[in-house]
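Protein chains: 2
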Amino acid sequence: MMTLSEENYLKAMYHLAAVTDGGISTNAIAERMNTKASSVTDMIKKLSEKELVHYKRYKGAALTEKGKLVAANIIRKHRLWEVFLVEKLNFTWDEVHDVAEQLEHIKSEKLIDQLDAFLGFPKRDPHGDPIPDKEGNVSDHADVLLITLNKDEKGIIVGVKDSSSSFLKYLDKQGIALGKKIKVIDKEPFDNSMKIRIKKEEFTISQQIANNIYIKK
Amino acid sequence: MMTLSEENYLKAMYHLAAVTDGGISTNAIAERMNTKASSVTDMIKKLSEKELVHYKRYKGAALTEKGKLVAANIIRKHRLWEVFLVEKLNFTWDEVHDVAEQLEHIKSEKLIDQLDAFLGFPKRDPHGDPIPDKEGNVSDHADVLLITLNKDEKGIIVGVKDSSSSFLKYLDKQGIALGKKIKVIDKEPFDNSMKIRIKKEEFTISQQIANNIYIKK
DNA sequence: ATTAATATTTAGTCTAAGCTAAAAAATAAA
DNA sequence: TTTATTTTTTAGCTTAGACTAAATATTAAT
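In order, the protein sequence lines correspond to chains A and B. Each residue of the first sequence is one higher than the one before, counting from 98 in my numbering. Each residue of the second sequence is one higher than the one before, counting from 98 in my numbering.
Treat the hints as calculated values from the structure; they're not laboratory data. Among the hints, a few may not be true.
[Unchecked claim] Here's a subset of chain A near chain B, in silico, CB distances under 10 Å, partners left out:
| # | residue |
| --- | --- |
| 1 | K185 |
| 2 | Q199 |
| 3 | K207 |
| 4 | L212 |
| 5 | A214 |
| 6 | V241 |
[Unchecked claim] Here are some, though not all, of the chain B residues that point toward chain A, as calculated from beta-carbon distances under 8 Å:
| # | residue |
| --- | --- |
| 7 | M130 |
| 8 | K185 |
| 9 | L200 |
| 10 | K204 |
| 11 | S205 |
| 12 | L208 |
| 13 | Q211 |
| 14 | F218 |
| 15 | N289 |
Ideal Cβ positions, reconstructed from N, Cα and C, are used throughout, including at glycine.
Produce the entire structure from the sequences given, and follow the hints as far as they go.
So, in structure tokens, the structure goes:
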């Protein structure tokens with residue numbers, strides 16, 4: 098059986114692996130988890146014993162297939178719970194993270210299977226992130242960041258990259274939500290800001306914003 | 098903030114207090130929690146520091162008002178989750194305990210408020226146990242055990258005292274469920290078994306069984 | 001009222017998971 | 001290719017929570 102802490106390390110490594118090539122550095126993990134490199138080394142050794150990560154000292158770590166599967170399942174649970182919180186318990190998309198962070202560690206196969214069914218086998222969480230299946234397969238974003246669209250291109254908002262509370266609240270305020278149609282009216286090369294249209298309303302967003310919104314063309 | 102272990106001790110003490118007069122003994126807690134008396138002593142000291150229990154060495158422990166409130170809220174969460182599992186996720190009443198045991202420790206006021214509302218503010222869990230309100234008030238069983246009914250008396254099944262999986266499965270098999278009308282056809286003084294009728298069907302149950310079913314007359 | 005039995009507490013270990021500070025390896029700079 | 005810098009690891013401490021064995025209270029029995 099897996100401890101809370103072990104699960105959190107696996108999850109962190111899974112996320113880091115997606116944006117890293119080669120081994121995942123001790124420091125990167127430490128930073129993501131707000132812990133110290135020495136603690137990371139300890140844990141990685143432990144996970145390595147359990148064959149959840151590959152590890153050679155000084156060479157960084159990588160998840161084994163087994164480790165990936167475990168991590169994907171934690172993320173699966175996290176995202177299913179997020180859907181539950183938003184769809185059934187009236188949470189807003191900026192409120193769900195902390196609670197899901199706790200719920201993801203509940204151990205019960207039946208629970209998660211039934212939850213999945215109860216929610217109608219959702220494919221994405223409230224931020225547009227794909228929900229892995231039980232085997233750990235993820236139908237990942239073939240989507241594109243808003244910032245990459247050119248003048249006059251159109252698309253549908255399908256996800257966010259940053260899901261911090263402040264960013265999500267900003268989006269709510271602007272009426273930017275998943276599923277909405279969006280059109281790029283103009284791009285400003287100087288600061289990479291762009292003027293967009295959603296539902297007849299036009300307004301300008303900064304590069305920061307456009308860089309954190311996924312679009313399906 | 099309360100640790101997992103602290104919460105479990107408070108809960109155990111709350112349940113023990115209900116069936117004990119005077120202080121709760123170290124041994125009783127140890128037995129209920131499958132731990133050792135020495136560990137209990139340690140924890141009680143810690144809880145005493147936090148003013149969650151009253152404690153004088155060698156004299157047993159008792160929950161403070163604050164302690165009772167915390168414990169009742171954990172039980173509240175446990176029972177609400179049980180309702181959720183049975184009503185929404187198709188768990189049977191003998192399957193819910195272990196999962197609820199985990200879910201009861203999730204920390205989010207909003208979560209539990211919304212869950213309560215989502216379930217329609219249930220008053221009892223699937224075993225007929227009352228769900229405490231947020232202030233820790235419990236509308237406890239003014240109900241009576243089946244064993245106390247006399248020949249020809251009637252009532253409605255409203256709860257179970259033992260909620261072990263094996264007992265619940267037995268009840269399912271016999272068609273004994275909450276809400277059913279029951280009539281005592283006969284009592285055998287020799288072994289305290291009784292013949293009962295539920296929905297036109299008559300059968301005999303042992304003292305053991307009759308002693309673990311709550312009836313509203 | 002002693003003694004015997006039982007319950008409780010203390011003292012000292014153990015493990016998981018964190019930390020700091022120092023040592024060692026890898027990488028970058030001169 | 002040395003030297004300097006950065007990263008990683010090791011060694012040793014800390015805390016929570018559990019344990020065992022020994023010591024001390026309390027309760028029961030004679």
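Right, here's what the structure says about each hint:
1. K185: holds, 6 Å
2. Q199: holds, 5 Å
3. K207: Constraint on K207 (chain A) satisfied, holds at 7 Å.
4. L212: holds, 6 Å
5. A214: A214 (chain A) check passes; min Cβ-Cβ to chain B is 8 Å, inside 10 Å.
6. V241: violated, 35 Å
7. M130: This hint is violated: M130 (chain B) lies away from chain A, its Cβ roughly 19 Å from the closest one there, beyond 8 Å.
8. K185: Holds, because the Cβ-Cβ distance from K185 (chain B) to chain A comes to roughly 6 Å (cut-off 8 Å).
9. L200: holds, 6 Å
10. K204: holds, 7 Å
11. S205: holds, 5 Å
12. L208: holds, 5 Å
13. Q211: Cβ of Q211 (chain B) sits 4 Å from chain A, so the hint holds.
14. F218: violated, 14 Å
15. N289: violated, 38 Å
Checked against the numbered hints above, the structure breaks hints 6, 7, 14, 15 and satisfies the rest.
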